[in-house]
Each structure stands twice: as C-alpha cells, then as structure tokens.
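Colleague: Read top to bottom, the protein sequences are chains C and P. Taking my numbering, the leading residue of the first sequence gets 34, the next gets one more, and so forth. Taking my numbering, the leading residue of the second sequence gets 34, the next gets one more, and so forth.
Derived by calculation from the structure, the hints in this document are not laboratory data. Among the hints, erroneous ones may be present.
No copy labels: a pair is met if it fits in one copy or bridges any two.
Heads up, simulated DSBU-like pairs for lysine-lysine below, C-alpha to C-alpha not over 30 Å straight-line [unchecked claim]:
1. LYS85 <-> LYS178
2. LYS483 <-> LYS546
3. LYS178 <-> LYS546
4. LYS390 <-> LYS84
5. LYS178 <-> LYS84
Since the structure is predicted, the reported quantities are computational estimates derived from the model, not experimental observations.
There are 2 protein chains.
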Amino acid sequence: MNNADSPWIKTISLPPPSLQDNTADTERLISALRTTLQTDAAIHIDFDLIKKLPDILRQNDFNVRCTLFKDVYQWLVVGIQGASEKRPVAGLAVDLGTSRVVLRLLDLTTGQTLAESGFDNPQLTIGPDILSRIHFTDSSDGLTKLNDLIITGLNNAIKDLCQSKMMEPQDIYALAVAGNTTMTHLLMGLNPRWIIREPYIPVVNRPGILKAAELGLQLNPAARIFVFPNIGSYFGGDMIAGILFAGLHCASDTAILVDVGTNAEVVVGNHNWLIACAGAAGPALEGGVTKMGMMAGPGVVDKISIDPPTREFDLHTIEDNAPKGICGSGVIDLAAQLYLSGMLDIRGKLIPAVCGKRLKKIDGLMHLVVIPADQSASGADLTVSQADLDSLIRSKAAMYTILETITMSVGMELKNLTTFYVAGTFGSFIDPRSAITIGMMPDLPLASYKPLGNSSLGGATLALTSEDSLAEINRIRDRITYLELNVNQDFMNRFSAAKFIPHTNAALFPSVKVKPDEK
Amino acid sequence: MNNADSPWIKTISLPPPSLQDNTADTERLISALRTTLQTDAAIHIDFDLIKKLPDILRQNDFNVRCTLFKDVYQWLVVGIQGASEKRPVAGLAVDLGTSRVVLRLLDLTTGQTLAESGFDNPQLTIGPDILSRIHFTDSSDGLTKLNDLIITGLNNAIKDLCQSKMMEPQDIYALAVAGNTTMTHLLMGLNPRWIIREPYIPVVNRPGILKAAELGLQLNPAARIFVFPNIGSYFGGDMIAGILFAGLHCASDTAILVDVGTNAEVVVGNHNWLIACAGAAGPALEGGVTKMGMMAGPGVVDKISIDPPTREFDLHTIEDNAPKGICGSGVIDLAAQLYLSGMLDIRGKLIPAVCGKRLKKIDGLMHLVVIPADQSASGADLTVSQADLDSLIRSKAAMYTILETITMSVGMELKNLTTFYVAGTFGSFIDPRSAITIGMMPDLPLASYKPLGNSSLGGATLALTSEDSLAEINRIRDRITYLELNVNQDFMNRFSAAKFIPHTNAALFPSVKVKPDEK
Numbered sequence: 034m035n036n037a038d039s040p041w042i043k044t045i046s047l048p049p050p051s052l053q054d055n056t057a058d059t060e061r062l063i064s065a066l067r068t069t070l071q072t073d074a075a076i077h078i079d080f081d082l083i084k085k086l087p088d089i090l091r092q093n094d095f096n097v098r099c100t101l102f103k104d105v106y107q108w109l110v111v112g113i114q115g116a117s118e119k120r121p122v123a124g125l126a127v128d129l130g131t132s133r134v135v136l137r138l139l140d141l142t143t144g145q146t147l148a149e150s151g152f153d154n155p156q157l158t159i160g161p162d163i164l165s166r167i168h169f170t171d172s173s174d175g176l177t178k179l180n181d182l183i184i185t186g187l188n189n190a191i192k193d194l195c196q197s198k199m200m201e202p203q204d205i206y207a208l209a210v211a212g213n214t215t216m217t218h219l220l221m222g223l224n225p226r227w228i229i230r231e232p233y234i235p236v237v238n239r240p241g242i243l244k245a246a247e248l249g250l251q252l253n254p255a256a257r258i259f260v261f262p263n264i265g266s267y268f269g270g271d272m273i274a275g276i277l278f279a280g281l282h283c284a285s286d287t288a289i290l291v292d293v294g295t296n297a298e299v300v301v302g303n304h305n306w307l308i309a310c311a312g313a314a315g316p317a318l319e320g321g322v323t324k325m326g327m328m329a330g331p332g333v334v335d336k337i338s339i340d341p342p343t344r345e346f347d348l349h350t351i352e353d354n355a356p357k358g359i360c361g362s363g364v365i366d367l368a369a370q371l372y373l374s375g376m377l378d379i380r381g382k383l384i385p386a387v388c389g390k391r392l393k394k395i396d397g398l399m400h401l402v403v404i405p406a407d408q409s410a411s412g413a414d415l416t417v418s419q420a421d422l423d424s425l426i427r428s429k430a431a432m433y434t435i436l437e438t439i440t441m442s443v444g445m446e447l448k449n450l451t452t453f454y455v456a457g458t459f460g461s462f463i464d465p466r467s468a469i470t471i472g473m474m475p476d477l478p479l480a481s482y483k484p485l486g487n488s489s490l491g492g493a494t495l496a497l498t499s500e501d502s503l504a505e506i507n508r509i510r511d512r513i514t515y516l517e518l519n520v521n522q523d524f525m526n527r528f529s530a531a532k533f534i535p536h537t538n539a540a541l542f543p544s545v546k547v548k549p550d551e552k
Numbered sequence: 034m035n036n037a038d039s040p041w042i043k044t045i046s047l048p049p050p051s052l053q054d055n056t057a058d059t060e061r062l063i064s065a066l067r068t069t070l071q072t073d074a075a076i077h078i079d080f081d082l083i084k085k086l087p088d089i090l091r092q093n094d095f096n097v098r099c100t101l102f103k104d105v106y107q108w109l110v111v112g113i114q115g116a117s118e119k120r121p122v123a124g125l126a127v128d129l130g131t132s133r134v135v136l137r138l139l140d141l142t143t144g145q146t147l148a149e150s151g152f153d154n155p156q157l158t159i160g161p162d163i164l165s166r167i168h169f170t171d172s173s174d175g176l177t178k179l180n181d182l183i184i185t186g187l188n189n190a191i192k193d194l195c196q197s198k199m200m201e202p203q204d205i206y207a208l209a210v211a212g213n214t215t216m217t218h219l220l221m222g223l224n225p226r227w228i229i230r231e232p233y234i235p236v237v238n239r240p241g242i243l244k245a246a247e248l249g250l251q252l253n254p255a256a257r258i259f260v261f262p263n264i265g266s267y268f269g270g271d272m273i274a275g276i277l278f279a280g281l282h283c284a285s286d287t288a289i290l291v292d293v294g295t296n297a298e299v300v301v302g303n304h305n306w307l308i309a310c311a312g313a314a315g316p317a318l319e320g321g322v323t324k325m326g327m328m329a330g331p332g333v334v335d336k337i338s339i340d341p342p343t344r345e346f347d348l349h350t351i352e353d354n355a356p357k358g359i360c361g362s363g364v365i366d367l368a369a370q371l372y373l374s375g376m377l378d379i380r381g382k383l384i385p386a387v388c389g390k391r392l393k394k395i396d397g398l399m400h401l402v403v404i405p406a407d408q409s410a411s412g413a414d415l416t417v418s419q420a421d422l423d424s425l426i427r428s429k430a431a432m433y434t435i436l437e438t439i440t441m442s443v444g445m446e447l448k449n450l451t452t453f454y455v456a457g458t459f460g461s462f463i464d465p466r467s468a469i470t471i472g473m474m475p476d477l478p479l480a481s482y483k484p485l486g487n488s489s490l491g492g493a494t495l496a497l498t499s500e501d502s503l504a505e506i507n508r509i510r511d512r513i514t515y516l517e518l519n520v521n522q523d524f525m526n527r528f529s530a531a532k533f534i535p536h537t538n539a540a541l542f543p544s545v546k547v548k549p550d551e552k
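Bound conformation, chain C alone (with noise of 0.2 Å):
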C-alpha cells in the first residue's frame, strides 16, 4: 500500500534518537508525519496514545502505522501502532434518518465499501416524527431516553456489521453521520426543545468533530465521530451531505437539488452560488397518508399504469409479492395514469362516469378501489379517497410552488435547470414521468432527473475518503443562503394556481397531454 493512496494511513519509519538528536517521542512522531503530510498544520495526537507511544515506538524499531483523521485546522492522530500490524481500519458512514438509519463500513485504506446495513430508527417507538420526538423531550428523561435509543441501536448495529466482516468496533476509528437537525441533535444528547419553537434555534450549527466515545459509542477509544452541519432547524446535514455528494457546488450549470418528505429541502445553485429553503410539502408524498400508503417495502404497489382504453390497471408490487399497500412514488403514478386515462380531472376529481364499478362510497366518502379483495395480500380491498388525492393535490401543489419560488428568488425559471436531483428513496422510486404529469416537478427534459439514491449516505462517505471534505463541507455549509419562505399572497396566488393538473397554466407543462381521444 503506497502511503499516499491513503490520506489517513501512514506507514513512517522516524529516524531513531541519539545523543544528537533526542527530540522527544511525541514530537519525533509529529515531525515525522508534517514531512509525509507536507504540512504546516498542527497535528494533534491523542494523550492516550502518547501513553503508549514510547513502547510502540521501541517496539517496532520506530516503525509505525499512523491513522489519522482531519480536522478544517489540524491533523489527529488517532491509532498509532507496528508498521506491521494488519488489523483493518474502517470508517463508517452513516444516513441517520428519522425513520431509517443506514450504516456504510469503509476500509479506510482504499476508501472501499465493506458493507451496509440499516435498521429501523428506534426511536420510532417513541413518536414517528421529529415533532412527537421533541415533544417527548419535555418529559423528564425524555431527551436521555431518545439519546440512549439511537445510541444503543447503533451500537448494536455497529457490532453486527463489523461481525459480518469478521472485524471489531475497536477497529473503527472514524464515523460520519449526516442526519436531519433533530435527529443529529438527539445522537449527541443535545436539547432539541427550541428546533420547533419561534424563532427555531438549533443549540448547535457546526458540531464539527467529537469523540466517539463522548458519545457513548463503542468504536475505538480514540474513535473521532464528523457531524454534519446544519444551516438551520429545517435544513440539516443531511442537505448538505447531498450537496457534496451531488457535486452542486462545484459545476456551472445551474441544478437543483430535492428531498421529498414531510418537508420539501430544496437547494438551488453552481459553483457560484447555493440558496436553499425547506417548506412543508405536505405528508401525501411520503407514506402514511392514505389508508393503504406505506412505506417501500415488500409487497408495496411502486408503480402502476392504466390502460387507457381498457383502463385495466397494470401493478407492480416491490419484490412482486402480493400487493398490501401503496407508496409516495405509487401514489403519483397513481395520479398520473388516472388523470391521463380520464379518469380524473384537471381539479384532481374522480370522474364517476369513467371510474365506473372501481369507485365504492366509505363512510359517505368517495373511494377509488385500486386492488380488488381477490389480489389484495389482505383479502380486503386496497382504495384511495378522494380526501387522499384532494391532499395529494395539495402537496403537489405546494411542491411546485416552492420550487418556483427559490428559482425566482435568484431572478431564474425552472426551465432554466440543467440537472434535477432527486435525493432518498423517494428520489429512486419516483417516475419523473409521474411528477411531471401531475405537475409535482417542472416539465424539463426526463434526461435532466437523475435521482441520487441515499445522497446523505454518499455524502457522508465522501467525508471519510479525503483529507479535504470537512473543509469542503464547511465552505459549502458557509456558502448556502438560506431562504426563508414567507408565504404572502403572491406564494398563496401560486400556490392556487399548482393546485391543477398539471397547472392553470398549461404552456408550463407541454410535453403533458392527454390524447384526445381519452378525453
């Protein structure tokens, strides 16, 4: 392994002390490193190691193996030992969500992936959102019930993936988690309490890097743990772990960059500039909102599309098992093929007279069955509202105005986008087909969508395989002017306007069409 394919493993081989040169061991070793590192920086090594340092120096003939982490203003050394030693050193990314937590081990040495895992939030048991969870902190313990949550799962997680590489925690020797505000709060026990409350003060921006072990994570001891920053409570790590990942700030063109949840985080920019706002979308798009909405998983109707002059529906359930219920980016296909088979109108109604026996009265209110009892993995029949589509409606609706909205505030036009990110799930699920159909996304060309896939988790492993991301993600944290979305009449007038399929402005949508003869 050449030493400079690695930025944070160094094989050095100091030269040893004599009576002309008998500079202390610590400072051999920091003197050692400024020449492989060809720095100037300061170069921190852990006092636990200088403990050690003198044996392992002499040891191993003042051959050593240095792992080391970065910091914007210095270097840590955090695992000294033989040259010859070949335990592995790992990393590990981590995409702390709200609902899912996702953990990416790293070989530190090549920056390679060994493995991945995920495991439900536990926190989960305590509230599904961030608002329940904060709330939650009010109770007494509450906050140390939350914390030791996340902490103990990933713990646990942590210890079963390195298992499967047959590895131990202690081998871990640097974490990066990109998370949302409230969640990356939490993993660090920090109060969450005035995130929710006017005018919405986070305790921390940049928490930069921590011990793990502060945290109560069981890594190795001197285990240095990167938290993302967030630009607010309402933009978080996550975000900008998406940037860095997309590569946003470093092209020319002008492209946007998306998480669709509850809340829609939306950036905006090049090279030169970044501005980012995050508004309420509206809870249609994710899972949860229609009787039968899920989340992606097995058995989840992903994709549907209805023959126009049959309108027979064509489903497609994740890993094709029966279907049991539908997700975000099923909903809007949903949407879509209804609206486009003229079984919905322009107002997001369902038009009895083309819907026909698939439409059933619930408790007074209109239902469109989209499983039948018979295909159906429950044996009831799966349906949505119109309530459901009148709220889907709206998310759109809101989606597209927000949208509208940051590009406007930077004097642009959607049109003018050349590259739409779509992060999450969400982004690998959805057809932009779909979205542009019912007017959720701006009608570019389908080339210009490329959906990021877990963008936080890219992020995050991008901050563990160069010396320079750290400062990287600090210049870009620095550079994102952050818009405050004020919903005057102007926002309200658009909002209204979105509220249509695909718009009351239809020249904003030509590649949408409804053949004529579906009409």
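We have chain C already, so just place chain P on it with the hints.
Modeller: Same frame as chain C, but now just chain P:
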C-alpha cells in the same frame, strides 16, 4: 470589572435570536466572543458546556459570563454562567519540585494571588531523587503508584487551599505546572524510563494543554492544565518558567540564569538568543551530603561568619532555633569563612595548626566541629569532614566550569554578563559574596546577583495571567539552543583549575583577598 482587564473572563450580551437571525446557540456565542476578543482564531467550546448552553442562555436573557483559556492556536471556553454569577474564577500555579510542591491560588479576574501553600512531594516516600523514582517505575504498577501519589497529593492540597479561601476546587478553571522533565512525566503518568537511559529521550517535549480531569485532578470538570514544555530530559519546564519569570528572553543585555541542585541548569542569553545546558554539579550544593547537611528549615544553619582574629563562629539558624544541621548555602558560607580566616587552604584542606581544637578525628577522618555538642539541638557535635569539603570543592569546580563552558560557547567571558540570576530556594539563601569567595560563581559586582526566589512558580503564575503567555513560552522553548556538555580534555583541564579556592588563576577573582594578617 471591565472586560478588558481580565483576559480570561468575559461578560457578554448576545443579540437574542430572531426569525431574521436564527444562528444556533453555540455559533451565536462564538460569534459574540469573536467580536469581544477581536480574534479570527478558532474558538472551542467544550461539548459538556454546549449541552447546557440552551438553558444557560435563556435563563439569563442571553447575558453570560464566559471563562476562557488560550492555547497557542485557539481559545478554549471552559466555563459559561449567567452574567450575574458571583462565584470566583480561580487559577492555580504549581511549582512541581522533586522535593517540594508549591501551589499558588490566583484570582483569574484580577491576576492576584489569593493564597499559597506547599507540601513535600509525596513521591519522597518512594525515593529522594529522580533516579530512584525512575528505577521504581521498572516495577509493576510503579508508574501508577508514583502518579497516584502526586495526583492525590495535589488534590488534597488544592482542597485545603480552596477551603482556606472559602472556595471549592471546582472554582479552579486553569492550572499551570512547571517542573523538571521527570516530575512532569510522573504527573502526567508518562513512562519516564527513557529519560535516564542513553540517548535520554522524554515521551513528550511540549505537553501543551490537557484536560485536568484526564489526569485525575479534581477541579472544575472543564479545567485545563498547561504543563510547561521541556528541552530534553535534563532541561525542564521549571527552567523555561524561570526564563519567562526573569525576562531573560526580553532583555538586550546578556544575562545568565542558574538553578543549582544536584544538577546545575544554566541558561545564558538575551532577546536575540538563548543557550542552555545542564550538568552534574554534585550533591554538595544541596543539603544531604555532609552528615549534618539538610534542606533549609527551622534550626538549620543558613549563615556563618568567622571572626578572623578570634576564629569565633557566628551562626545564624532559620527562625533562630537551636542549630540542628546546615543547608547548602550554609556550607558555602562556612567554606568561604574557613578560607578567609585561614583555616582552609587553597586546595580546600583544613589546616590543623589553625583549626586547633575544632578538629576531631572520627573514624580516622578529619572533622571540623562547627557546633559543639552543648550548643546543638541534638546534644551531639555537628561537624563537617574533610571529605565533605572535598566534595564541595568538586561541586563548586564543576559549577564554575559549566558556567565558563556555556559562556565560552558563545564567545563571551563570564565577566561580560550583566545579570546573574540565581533561581530557587538556594538562590534566595546563598550569599553571593561567599559563592564568589570559594570560586563557585564568577567575580561579578555583587549588584549583578539577583535571587529570583521561586521562579518556577513565578513563571507558572505568568502563564495564567496573560493571554499570550503560552505562545511566548513556546517561543522561548523553540529559541533555546541546548548545549550538550562535552566532558573532553579541555573541560577536564578547566575543571582541575577550578578545584582551588577561588581558582588557580587568581586574576579571575580580583575581589577575593585573604587579609595578609590572617595568612
């Protein structure tokens, strides 16, 4: 209290957060501190304080008192309280001697001394000197035992010292410790094994700032400890503290600073350069060599004069108690007075014809009765033997040769030195006239001799009372050129020449004249 008066305590009113300014609590405080301190340097807030920050800020309407400490590269926030907080903010300067530990409690608001105390280094129970203690660390748990002894000793002394001022150890936020390289290693629990083994390598030269709690010190949980840097195994932080205290590094005139013990540690320099060396001066200059020798204390003879015509001894004891022994400075006085009264020849041999009945043969060896049995505290004769005096002559010759060597190394002569600083208790007690008479110190005008008192404690105090001290201390350390004493033929020749009273070359000591009638 004006903020500007106190480098470590800043009372700050933060602009309260608003929708227009939603900076997080931590960064809000950092930003306000940056303005107050007028600095671009990094500002680090302990994570434990960040956890408490939201409550502290809101309970005090965003008016807080911050306690700071400063590393070379960054400011450290070690305390955050309400602006109206009245609890004292204290620091502790420590002179960590091999034999004695001295503490000075400081008000960090004013820089003034609140109280002082001292205790015998509890490691004396293991061994009287550096060598015996380092050998003790070869035994299992030896290092742990020595470390525990000094940490426990400090914790107890700190508790008592605080109690005497109605304070608590948690009111102490910063410590500065100056001591020799071995003592500081034992304090930090660092293995001193290689300090006494060729090529004499300490574990660390620049320990810098550590968390006091990490060393087991029970102070404020965030308290920091600054350990003075060393130049090597035999030139410790106590000497760097001495240079800082004497201001040797600031003056345009060249001065010398000498600390006399088993080793003589010497620095010569000015604002342009500093050169240092250390050498075995022989134990005769400390207590503990002659049978009656002891450390300075009540009843110990510290001044002797002999009336030349009558050869009557006039003794002074510390606190005027009945004489029970003699300290180093007393021995030097004695030798000088014996020589001036004609009882000692230029080789340092007692002259029986002149000493008369004061001479006694004990175990076949010539002894001089300094205090007859009927006047001594013990009721037995207090004597010095010819062997004791021979040892003193070797020690003083070694000392003089070292002083000569270091000044020669920079092309100077001893007579060119404008100030001769003598550090430590020895420096306070020694009569420079006597030291010149026996040729231990050069024949400079008496006004050139400046006793520094506890310059190690003085330097440690300075480290806590000025925000630039730590950087200045590092600069001093880095400017020092260490001269490895090369005991070659030239050195041995000069050593032989110095083994006479005052010297074979009487022209070097024009002021030393035995009056003709006493010859």
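Colleague: Against this structure, judge whether each hint is valid.
Modeller: A quick look at each hint next to the structure:
{"no.": "1", "hint": "LYS85 <-> LYS178", "result": "between (36 Å within a copy, 17 Å between copies)"}
{"no.": "2", "hint": "LYS483 <-> LYS546", "result": "within (23 Å within a copy, 98 Å between copies)"}
{"no.": "3", "hint": "LYS178 <-> LYS546", "result": "neither (53 Å within a copy, 85 Å between copies)"}
{"no.": "4", "hint": "LYS390 <-> LYS84", "result": "neither (79 Å within a copy, 60 Å between copies)"}
{"no.": "5", "hint": "LYS178 <-> LYS84", "result": "between (35 Å within a copy, 16 Å between copies)"}
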